[in-house]
Amino acid sequence: MLRSGTLVEDPDSGERVILRTAQDITERRALKDRLARSERLEAMGQLAGGVAHDFNNLLTAVMGYAQLLHHELEGRENTSEVAIEAIGEVMKAADTAAALTRQLLTFSRSHLDAGELIEVGGAIRNVAPLLRRIVTDEIEFVTELDPTETWVEIDPSKLEQVALNLVINARDAIEDGGTIRLVTDTVEVAAADTTSEVKPGRYVRLRVLDTGQGVPEELREKIFEPFFSTKADGTGMGLATVFGIVRGAGGSVRLESAPEGGTVFEVLLPVAGPEGREEEGRTPANDRKSNARTILVVDDNEAVRAFAESVLRRAGYRVRTAASGAEGIAVALEIADDLELIISDVVMSGMSGPEMVRRILTEEDGIRVLYVSGYTDEALAHHEVKRRGSFLQKPFTPDSLLTAVRELLVESRREG
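Numbering (the working numbering), first residue to last: 11 to 426.
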């Protein structure tokens with residue numbers, strides 16, 4: 011409550027009195043707190059995305075060379091089993107690290123997964139048997155799904171991941187039996203709704219309600235932060251992943267809880283039309299040799315550049331490399347008559363990959379482009395990566411790189 015006072019004199023009696031006014035600023039403070047939490051999570055997302063990008067560059071080299079070494083050792087006689095096993099453990103550890111960076115990128119909304127138009131009720135019904143299996147026998151699991159078909163634009167696996175993480179979180183909050191309810195319906199968010207963090211419009215609402223022990227008030231502000239966990243063996247990425255997926259789909263997620271009073275997680279996703287979009291067909295990979303076709307690799311990370319060059323040369327391709335966009339333009343002009351494919355990082359110092367490609371190619375050129383990145387979704391959208399070229403997420407393996415290259419060169423042959 012905000013109070014102010016003014017000393018005034020009564021014109022009739024001549025008495026001097028203090029005139030006080032009061033204004034309820036509870037809602038204003040609540041909005042200020044929500045804005046501060048949102049800005050903190052946004053800053054953490056930017057930091058997480060940047061760290062994951064740099065780490066993905068390192069993992070690309072680690073995973074790639076480990077796989078090459080593993081193939082090399084397996085093909086030799088009298089190779090030490092200890093050496094093969096050791097390389098296998100390195101590859102497994104790198105896979106685990108790559109999964110962690112994917113979670114960080116999801117929290118920062120830094121993935122490039124293409125959304126699909128899916129019907130929410132059908133998607134939840136498909137995953138419901140799995141959700142029931144992860145809930146213990148002492149807990150009652152109930153689904154209450156809106157019978158009306160409602161569509162959202164999101165990767166189906168991401169929606170399943172949201173439901174799975176929220177149900178697991180609810181299960182772990184219940185100690186001696188209770189109930190978990192998964193409920194879907196639609197709501198309208200009005201322009202005057204100051205409690206909502208999304209734009210006005212129609213939304214699918216997915217709620218997971220549990221009768222568990224609740225979340226203490228001092229922990230609620232941190233609940234969506236990466237690596238924050240109330241569990242002794244928790245990774246702290248489950249709810250952070252939910253936050254990233256939902257915000258990346260244009261929605262919001264919020265928590266309502268009271269000590270010993272249970273918890274409600276509410277997810278809002280914008281309703282989309284059911285018309286759908288035609289899926290672009292993909293050409294199957296071609297395992298034939300390359301016939302010495304020429305590829306330009308541009309990446310400002312030396313380890314990634316060297317790894318990609320090594321893999322492509324071993325597969326029979328002619329390879330030229332460049333450490334920057336400006337150098338890439340110079341090399342491309344030098345080998346213009348032979349160049350068939352450009353592999354480029356998206357975000358580089360000095361000049362971005364898409365900007366370099368625009369300066370090298372005209373719309374009529376038949377040269378293919380493969381962009382690689384572990385960077386943020388916002389940066390990739392800004393550079394219009396999908397407008398011209400295919401995309402390969404870092405870290406990538408020798409097999410995934412060669413598959414992507416062969417698909418693009420097969421398309422080039424067909425169009426030529």
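Source of the hints: derived by calculation from the structure; they are not laboratory data. Mixed in with the good hints there might be a few duds.
Pair ranges (Cβ atoms, derived) [stated by the list, open to error]:
(1) V145 with R212: 29 to 39 Å
(2) L343 with V420: 19 to 29 Å
(3) S167 with V92: 33 to 43 Å
(4) S359 with R86: 53 to 63 Å
(5) E228 with V420: 54 to 64 Å
(6) S167 with E266: 26 to 36 Å
(7) G271 with L83: 55 to 65 Å
(8) G85 with E228: 30 to 40 Å
We treat Cβ as the ideally placed atom computed from N, Cα and C, and that holds for glycine.
Here is how each hint holds up against the structure:
Against the hinted window of 29 to 39 Å, the Cβ-Cβ separation of V145 and R212 comes to about 31 Å, which satisfies the hint. In this structure the supplied range 19 to 29 Å holds for L343 paired with V420, their Cβ-Cβ distance being about 26 Å. The hinted range of 33 to 43 Å is satisfied by S167 and V92, whose Cβ atoms lie roughly 38 Å apart. Here the CB-CB span from S359 to R86 is close to 41 Å, at odds with the stated 53 to 63 Å.
Taken as a hint, the range 54 to 64 Å holds for the pair E228 and V420, whose Cβ atoms sit roughly 58 Å apart. At roughly 27 Å, the beta carbons of S167 and E266 sit within the given window of 26 to 36 Å. For G271 and L83, the Cβ-Cβ distance of about 58 Å falls inside the hinted range of 55 to 65 Å, so the restraint holds. G85 and E228 have their C-beta atoms about 58 Å apart, which leaves the hinted 30 to 40 Å range violated.
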